[in-house]
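Asker: Residues per chain are reported as follows:
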Amino acid sequence: KQEVTQIPAALSVPEGENLVLNCSFTDSAIYNLQWFRQDPGKGLTSLLLIQSSQREQTSGRLNASLDKSSGRSTLYIAASQPGDSATYLCAAYTGGGADGLTFGKGTHLIIQP
Amino acid sequence: GAVVSQHPSWVICKSGTSVKIECRSLDFQATTMFWYRQFPKQSLMLMATSNEGSKATYEQGVEKDKFLINHASLTLSTLTVTSAHPEDSSFYICSARQGARKQFFGPGTRLTVL
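In order, the protein sequence lines correspond to chains A and B.
In case it helps, our numbering puts the first sequence at residues 1 to 113.
In case it helps, our numbering puts the second sequence at residues 1 to 114.
Think of the hints as simulated: they come from the structure by calculation, not from any bench.
On a predicted model such as this, the values are computed, not experimentally measured, just so you know.
Hints may contain errors.
[Said to hold, decoys possible] Derived DEER-like restraints, expressed as beta-carbon distance ranges:
1) G83/A - K64/B: 40 to 48 angstroms
2) P40/A - G16/B: 27 to 35 angstroms
3) E22/B - P40/A: 18 to 26 angstroms
4) G16/B - T58/A: 47 to 55 angstroms
5) S12/A - E22/B: 35 to 43 angstroms
Where a beta carbon is used, it is the ideal one built from N, C-alpha and C, also for glycine.
Can you make the complete structure from the sequences, with help from the hints?
Answerer: Quick look at the structure:
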């Protein structure tokens with residue numbers, strides 16, 4: 001059974017810093033891996049999706065990488081801003097038909113002004 | 001991108017009553033919809049998968065008679081929490097997928113059972 005772990009559980013950094021969030025998964029036979037943002041009491045906003053054949057995806061200040069062989073993905077946030085404060089979730093999709101996503105517990109990020 | 005809506009966004013009910021939550025894909029046809037549950041400070045846990053026109057597939061530990069799922073059309077799935085109890089209070093999020101494409105998530109429904 002797929003298990004997804006995110007480290008750290010919480011992170012607080014000053015505005016302007018570059019930072020890296022880590023995600024690891026136990027079953028490397030994934031179809032894709034997705035990073036989401038969740039604001040308090042809200043639903044999910046998809047940030048980046050990396051297909052199993054890809055190594056990275058970029059969107060603005062965000063860059064996500066995927067290393068299937070080691071079971072790891074990272075989300076890099078450049079020049080962090082207070083508006084980036086949220087919980088970041090990674091989720092692995094193992095495929096196999098109708099399976100849902102397996103989520104990590106998230107990293108709660110606070111960007112200090 | 002594709003839009004998924006949920007209704008209601010929040011609901012408060014008395015213990016023992018039933019609550020229905022709707023999930024709609026607004027601009028695409030969803031062959032598969034998923035229901036997740038999220039407890040405070042926890043991650044999303046998949047409850048069940050529903051394919052249009054067939055019975056839902058429930059994850060281990062999720063009572064199918066308590067969480068009734070209906071996916072009668074390609075744009076609508078409903079989750080009914082029957083005889084709700086305080087321990088069912090949670091944040092319920094649905095997602096919809098078209099074929100093999102990625103899932104699009106709804107905004108969630110906050111259920112509080114008194």
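Asker: Now tell me, hint by hint, if it's right for this structure.
Answerer: A quick look at each hint next to the structure:
About 41 angstroms separates the C-beta atoms of G83/A and K64/B, a value consistent with the hinted range of 40 to 48 angstroms. At roughly 30 angstroms, the beta-carbon separation of P40/A and G16/B lies within the given 27 to 35 angstroms, and the hint holds. Taken as a hint, the range 18 to 26 angstroms holds for the pair E22/B and P40/A, whose Cβ atoms sit roughly 23 angstroms apart. Distance hint check for G16/B and T58/A: the Cβ-Cβ separation is about 51 angstroms, which falls inside the suggested range of 47 to 55 angstroms.
Evaluation of the 35 to 43 angstroms hint for S12/A and E22/B yields a pass: the beta carbon distance comes to about 38 angstroms.
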